[in-house]
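Chemist: Sequence:
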Amino acid sequence: MTWSARQYTKFEDERTRPVRDLLAQVPTEMVARAVDIGCGPGNSTELLLARFPDAAISGMDSSADMVTAARKRLPAIQFEVADIASWQPAAAYDVILSNAVLQWLPDHEVLMPSLVAKLAPGGTLAVQMPDNLDEPAHVLMREVAADGAWAGKLAPALQARAARRGADWYYRALRGGTTRLDIWRTTYHHPLAGGASAVVEWFKGAALRPLLDLLDEAEREAFLARYQGLIAQAYPAMPDGTVVLPFPRLFIVATR
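Residue numbers (the working numbering): 81 to 336.
Because the hints were derived from the structure by calculation, they are not lab data. Treat each hint with caution, since some may be false.
Label-pair ranges, simulated between beta-carbon atoms [to be verified]:
1) 166 to 104: 28 to 34 Å
2) 247 to 170: 29 to 35 Å
3) 314 to 186: 26 to 32 Å
Think of the CB as a built atom: it goes at the ideal place given N, C-alpha and C, for glycine as much as any other residue.
With these hints in hand, go ahead and build the complete structure from the sequences.
Modeler: As structure tokens, then:
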């Protein structure tokens, strides 16, 4: 799957607000080493640096485009292209930050405890994941993908999405390896100027990527036209063209 830092940052303020809320709840204060896994274009890493200015901060992402953008944004920070699932750091971290990335990875029953194990004693894993698969935007996305000439082509991408887990599942999975565990869910309501097209542009930065990557140019145009038409019905615009996009997110702060 390809990622576009430029597309992702079209709604940077809205995408960054959840990580501000997440970092505000990290209890660890003595932080020598911190890392942003799935750092994207560096917006979350910038906040991690502001929260812990005296720590050695680093970032990693599987997308070379995202890492290039992060390096331009924060040239003093070390960023690398790496895969979270196979990541084996040389030393433990006091804070591991993961903002809107782990929802793309499978096997959370293995992944989440393994990330906690990479913390130093007293260190904290801070995770935020979109929890919006039941929202109209995602339901319609799946319906359009499954109903068209492209259905066979897109089926693998739909099947590859990681299983969604609830707060109670993560509590059971993590409580044994932690001394403090805080899990909550928040729904943000983002006002987007531009009606249905703005909602589509938002999801082109993330959830639509694995589907659009599999389509040729003509198919992408047809897919997006059909999707946008349904989005306009599901998210009616106000007289000034504004659409309010509800966006639920799940937060996990796990201290070893």
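Chemist: Would you mind marking each hint as holding or not holding in the structure?
Modeler: Hint check:
The supplied range of 28 to 34 Å is met by residue 166 and residue 104, whose beta-carbon atoms lie about 31 Å from each other. Against the hinted window of 29 to 35 Å, the Cβ-Cβ separation of residue 247 and residue 170 comes to about 33 Å, which satisfies the hint. Under the hint 26 to 32 Å, the C-beta atoms of residue 314 and residue 186, about 29 Å apart, fit the expected range.
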